[in-house]
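> Same order as they appear, the protein sequences are chains Z and G.
One gets my numbering by counting positions in the first sequence from 1 and adding 6 to each.
One gets my numbering by counting positions in the second sequence from 1 and adding 30 to each.
Simulated from the structure, these hints should not be mistaken for laboratory data.
Ideal placement from N, C-alpha and C gives every residue a C-beta, glycine not left out.
Errors might be hidden in some of the hints.
What the hints assert, rightly or not - Below are the BS3-like pairs computed for lysine-lysine, each with C-alpha atoms no more than 30 Å apart in a straight line:
#1 Z/Lys45 to G/Lys302
#2 G/Lys53 to G/Lys436
#3 Z/Lys45 to G/Lys299
#4 G/Lys53 to G/Lys302
#5 G/Lys299 to G/Lys53
#6 G/Lys299 to G/Lys436
As the list claims (entries may be wrong) - Examples of chain G residues toward chain Z, derived with CB under 7 Å:
#7 Asn219
#8 Trp335
#9 Val402
#10 Glu480
#11 Glu481
Listed below are the residues making up each chain.
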Amino acid sequence: MQPVVLIISLILMAALSAVFVAAARASRGPAPGPGASAKRSGLIWVMTILGVIVSVASLREWPHALAGTGDALEVNVSGGQWWWDIDTTEIPAGKPVNFNVTTEDVTHGMGIYDSSLTLLTQVQAIPGYTTQITYTFEEPGRYQILCMEFCGVAHHDMVNEFEVIAAER
Amino acid sequence: MNTISENYVPGHAAAAPQAGAVKLTMVLSGAVFALMMVFGLLMRAAQGQWIDLDAALFYQLLTAHGAGMVGTAALSGAAIMWYFCGRHLVLSGGIFWAFLGLFLLGVVLILGAIFIGGYGGAWTFLFPLPALSGGAWEAGAAAAFMLGYTAIGVGFLLYYLELGRRIHARYGSLVRALGWNLILGREDNDPPPPAIVAAAAVTIFNSIGIILGAAVLVASLVHLLVPGFEVDALLAKNLIYFFGHVFINASIYMAVTAVYEILPEYTGKPWKSNRLFAIAWNAVLIFVMAVYWHHLLQDVVMPPWMLVVGQLVSYFSGIPLIAVTAFSTFLYVRGSRMTWDLASSLLVLSVAGWSVGSIPASIDGMISVNKVMHNTMWVPGHFHTYLLLGEVVMAFGFMAWLVRGKTISQMDGLDRAAFVTYLAGAAGFVTVFLFSGAASIPRRWAVHYEEWLAHDRIGTLFGGLVVLGTLVFVLRFAARLGRREG
Chain Z
7 MQPVVLIISL ILMAALSAVF VAAARASRGP APGPGASAKR SGLIWVMTIL GVIVSVASLR
67 EWPHALAGTG DALEVNVSGG QWWWDIDTTE IPAGKPVNFN VTTEDVTHGM GIYDSSLTLL
127 TQVQAIPGYT TQITYTFEEP GRYQILCMEF CGVAHHDMVN EFEVIAAER
Chain G
31 MNTISENYVP GHAAAAPQAG AVKLTMVLSG AVFALMMVFG LLMRAAQGQW IDLDAALFYQ
91 LLTAHGAGMV GTAALSGAAI MWYFCGRHLV LSGGIFWAFL GLFLLGVVLI LGAIFIGGYG
151 GAWTFLFPLP ALSGGAWEAG AAAAFMLGYT AIGVGFLLYY LELGRRIHAR YGSLVRALGW
211 NLILGREDND PPPPAIVAAA AVTIFNSIGI ILGAAVLVAS LVHLLVPGFE VDALLAKNLI
271 YFFGHVFINA SIYMAVTAVY EILPEYTGKP WKSNRLFAIA WNAVLIFVMA VYWHHLLQDV
331 VMPPWMLVVG QLVSYFSGIP LIAVTAFSTF LYVRGSRMTW DLASSLLVLS VAGWSVGSIP
391 ASIDGMISVN KVMHNTMWVP GHFHTYLLLG EVVMAFGFMA WLVRGKTISQ MDGLDRAAFV
451 TYLAGAAGFV TVFLFSGAAS IPRRWAVHYE EWLAHDRIGT LFGGLVVLGT LVFVLRFAAR
511 LGRREG
């Protein structure tokens with residue numbers, strides 16, 4: 007997802023920047039005509055309609071939806087300054103995993119990275135709460151848990167790993 | 031070379047004592063901006079392994095950089111809005127001096143907490159981290175840090191009380207100052223100018239933000255003194271992010287008054303309040319307070335409707351910015367035959383940077399995107415865009431205008447070089463952050479893996495250009511301050 011997000015963002019940012027450059031250059035051109043107000047109204051409508059479409063499309067399926075407990079493997083992860091504890095070291099590929107995440111001290115962020123250091127999903131670990139996310143690993147291999155919420159002087163050392171193994175046939 | 035447009039008659043200049051206080055504030059702001067940028071540069075160089083920084087010192091610099099930049103953005107924004115409200119209101123200079131004094135007291139406490147006490151809990155002081163340092167700092171350092179925030183907050187409340195009181199006295203009510211007569215189509219022979227509409231809105235939302243921030247500061251302080259006193263961590267996080275989000279946004283919304291009041295001197299067209307402008311500002315008043323949930327999109331125990339509101343408002347708050355402020359800037363500039371000196375160039379750039387920065391922010395505000403972008407370098411990528419190329423540039427533009435002189439002339443060679451250097455540096459710096467976010471590099475990490483070093487080193491080079499451009503802007507301002515009045 008990240009490369010797509012980057013490309014879309016850079017295109018939109020470049021387009022808006024180009025409009026500003028064009029406006030600056032147009033300072034020597036003719037003054038805006040009477041149609042400017044209609045253009046502004048059109049822009050507001052386009053942005054509104056686009057916003058509704060994108061919002062509905064991106065929220066129709068709840069991004070934080072959890073797999074049913076009968077279908078998923080339950081994995082408990084707890085964090086503290088500055089360690090992660092995972093109650094299993096091997097997770098089967100292709101099966102939804104419900105991560106139940108807690109913290110023993112301050113707020114942490116559990117970010118799951120694949121072997122190429124790409125962030126796959128994350129959730130905050132909040133004192134006094136158990137937070138849950140579901141993720142299905144498609145590929146066997148080594149995965150890491152990195153801390154995504156600043157938690158003190160060894161925040162960057164708060165790393166652990168687990169293995170995803172091929173599903174039994 | 032041309033003189034100030036004869037078509038436009040600005041309001042009377044700010045009263046002399048306030049102008050002096052504002053200039054002093056801008057000198058301090060410029061100096062602190064430069065120092066904090068150097069801190070930022072050191073952190074990027076350390077992440078790139080070009081220099082060796084102890085992790086504890088890195089996180090102290092991180093804390094100072096965050097608190098210093100946010101505080102200085104707010105300080106400079108407040109000075110700008112005070113200056114231009116002084117064209118329409120009679121404001122008490124004593125209040126501004128008290129505000130500035132409390133701010134400086136806060137700075138001393140914060141710097142002492144960080145560099146003497148070793149506090150490195152980040153500017154967001156996320157509960158209960160200040161009390162649980164793992165041995166890196168003592169409770170006294172955390173308390174000094176939060177007392178520093180408290181002093182600054184009290185100063186800002188004084189500032190807003192004075193503004194609100196004077197706006198009420200001049201316009202009868204904050205509702206009228208928010209442009210509700212324009213919205214409802216009622217006759218108003220003395221409609222509030224844009225700076226007053228902005229001041230009324232910011233006074234309301236930032237006062238609420240600071241009061242809620244004070245609540246969590248007090249709770250955190252009590253927790254430091256009495257560890258048995260517990261606060262719900264999620265409630266505290268909500269209060270902190272409400273305060274932090276509103277406060278940093280207020281800095282931009284205060285500074286934009288420079289665009290409203292200065293650009294007309296170049297375009298010859300006064301920036302007037304109208305119905306759309308008033309609607310946009312009233313929308314901003316609501317959006318700024320409702321959008322902070324987009325900081326908590328991975329706190330999955332939050333009620334889902336709050337996260338949905340966070341995503342929706344994150345997107346829709348871009349409409350008043352792009353369709354009203356940015357679009358109006360296009361219209362004012364187009365065909366204006368304006369002269370592009372340093373002040374006007376920086377002010378137009380600031381609206382562009384602010385608007386462009388809203389794009390990656392809105393995209394990150396989508397819950398599904400946020401799952402893989404939250405707390406990566408994407409986040410400093412977007413907020414540096416609308417701060418480094420937005421609020422900070424507004425402040426530099428205002429400073430350039432303050433020392434411009436009575437005639438408007440094209441940029442000279444040094445100004446042009448500084449402008450291009452700053453723009454190239456800042457654009458490159460934030461773009462590297464966005465690439466780093468897309469590469470999943472987590473933010474706020476003192477030590478980076480080998481795979482990430484290229485990002486850090488390229489970012490450091492661009493950061494060097496930013497510091498260079500900033501030094502020219504600030505030194506130029508300081509050197510020219512004594513040359514002319516007002």
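> Now tell me, hint by hint, if it's right for this structure.
Consistency of the hints with the structure:
Distance restraint check for Z/Lys45 and G/Lys302: the Cα-Cα separation of roughly 19 Å lies within the 30 Å cut-off, and the hinted pair is therefore satisfied. Distance check on the hinted pair: G/Lys53 and G/Lys436 sit about 17 Å apart at the alpha-carbon level, within 30 Å; holds. Of the pairs offered as hints, the one joining Z/Lys45 and G/Lys299 holds, with about 20 Å between alpha carbons and a cut-off of 30 Å not exceeded. This hinted pair checks out: G/Lys53 and G/Lys302 have alpha carbons roughly 26 Å apart, not beyond 30 Å.
A C-alpha spacing of about 26 Å is found between G/Lys299 and G/Lys53, which places the hinted pair at or below 30 Å, so the restraint holds. Of the supplied pair hints, the one linking G/Lys299 and G/Lys436 holds, its CA atoms being roughly 18 Å apart against a limit of 30 Å. Because the closest C-beta pair between G/Asn219 and chain Z is about 24 Å apart, greater than 7 Å, the hint is violated. Taking 7 Å as the C-beta cut-off, the interface hint given for G/Trp335 is violated, the closest approach to chain Z being about 11 Å.
The closest approach between the C-beta of G/Val402 and any C-beta of chain Z is roughly 5 Å, which is under the 7 Å cut-off, so the hint is satisfied. Given the 7 Å rule on beta carbons, the hint for G/Glu480 is violated: about 10 Å separates it from the nearest Cβ of chain Z. At a threshold of 7 Å, the smallest CB-CB gap from G/Glu481 to chain Z is about 6 Å, leaving the interface hint in force.
Hint violations for this structure: numbers 7, 8, 10, all remaining hints satisfied.
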